[in-house]
Amino acid sequence: MEDNSLASTIKEGDGELSDISLRPMDLSDVDDFMVWASDDKVTHFCSYGPYTSREQGIKHIENKVIPHPWFMAICVNNRAIGAISVSANQGNDKCRGEIGYVLGSKYWGKGIATRAVKMASDAIFAEWPHLERLEALVDVENVGSQKVLLKAGFMQEGVLRKYFIHKGKTRDTIMFSLLSTDPRI
Amino acid sequence: MLKPIEITLRPFKISDVDDFMGWAGDENVTKYCRWNTFTFRDDAVAFLKEVIKSHPWYRAICVKDRPIGSIYVMPGIGKDERRGEIGYAISAKYWGKGVATEAVKIAVACAFKELKYLDRIEGLVFSENKASQRVMEKAGFIREGLLRKYFFVKGKSVDIVVFSTVEAD
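Chains as they are written, first to last, in UniProt numbering: chain A, 1 to 185; chain B, 1 to 169.
Just to be clear, a hint being listed does not mean it is correct.
[What the hints assert, rightly or not] Here are some, though not all, of the chain A residues that point toward chain B, as calculated from beta-carbon distances under 8 Å:
#1 K106
#2 E132
#3 V159
#4 L160
#5 Y163
#6 L179
Just so you know, the hints here were simulated from the structure itself, not pulled from any lab data. None of the values given here were measured: they were computed from a predicted structure. Virtual Cβ for every residue (Gly too), placed ideally from N, Cα, C.
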């Protein structure tokens with residue numbers, strides 16, 4: 001019920017979504033996490049899910065979220081409605097990080113993911129001076145996410161065929177990037 | 001038209017180390033590689049030992065059974081395991097004779113056959129390395145795009161042109 005009132009708050013206050021914030025995610029967010037992690041519409045293009053038990057959610061936060069170098073909850077009124085993360089690399093790969101994000105389906109179509117990507121990009125380039133390239137790999141069929149990245153100022157660099165295994169199948173993916181020197185729109 | 005040089009591919013032996021230094025110790029060859037030029041024979045011996053022991057697919061490119069270069073296909077791990085990266089280095093003496101192109105064609109056919117789980121072989125070529133981009137094209141790879149500031153090598157970030165061949169190609 002609380003989620004419905006949260007979603008309608010955003011719908012009524014159309015326009016400036018000034019109350020979107022990013023903060024580190026932790027175990028206390030598990031029930032909010034399960035709202036999107038149990039939704040197969042949301043997890044269709046994710047490497048995990050859909051989850052069916054709270055225990056799976058707890059394990060995921062313990063194993064994947066807490067040890068992660070940069071993992072934020074996307075919040076409205078400090079309640080998590082999605083997540084966004086940037087991976088860190090070593091050696092020859094250290095100048096680039098991969099961004100990934102997920103949003104509860106009730107919040108789709110309001111520009112929230114685009115805003116979160118812009119906020120995360122600004123934050124990560126400031127926090128990691130060695131980072132020169134943010135990249136995102138999006139399934140060729142995930143048109144919604146492709147639009148998010150273009151609106152956030154990322155550049156499409158190419159289609160990489162049979163690039164990786166997703167839920168048992170080899171998929172074509174589109175590579176996007178934003179450089180620290182690119183104009184932030 | 002010049003008669004093409006006949007090349008063969010075979011696994012390395014430790015006794016190939018001096019021939020190996022012939023290209024791996026040459027700064028002209030390693031200019032567009034991610035790895036550093038070999039300066040000490042001992043490092044080359046250690047490297048070949050490791051490759052012989054544990055690399056999934058690494059071959060010497062030979063002319064009359066003498067190594068004049070190397071070529072490898074390196075699969076990823078986990079979700080990346082059906083994707084292999086191809087890399088090659090040829091002794092400068094043998095540049096401009098179609099050696100790399102021929103080696104790549106042979107390597108791709110062999111790797112897809114021997115590493116049955118592979119769906120994709122890709123080449124990540126420095127944008128300044130025009131010669132290697134021509135090798136990829138002549139060997140039938142598709143140019144998929146330019147990845148900006150993809151690698152950090154020898155103190156700076158470099159742009160990469162990504163090429164690929166998939167089993168259906």
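Quick check on V159 of chain A please, does its C-beta sit within 8 Å of some C-beta on chain B?
holds (6 Å)
Next item in the hint list is K106 of chain A. Is there a CB on chain B closer than 8 Å to its CB?
Violated - the Cβ of K106 of chain A stays beyond 8 Å from chain B, reaching only about 29 Å at its closest.
Going by Cβ atoms only, is L160 of chain A closer than 8 Å to chain B?
holds (6 Å)
Under 8 Å, Cβ to Cβ, is where E132 of chain A needs to be relative to chain B, so tell me if that hint holds or is violated.
Cβ of E132 of chain A sits 5 Å from chain B, so the hint holds.
Is the hint on Y163 of chain A kept, meaning its closest Cβ partner in chain B is under 8 Å away?
With a closest approach of 6 Å, the Y163 of chain A hint holds.
Given hint L179 of chain A near chain B, where the shortest CB pair must fall under 8 Å:
Nearest chain B Cβ about 6 Å off; hint holds.
Violated hint for the displayed structure: number 1, the only one.
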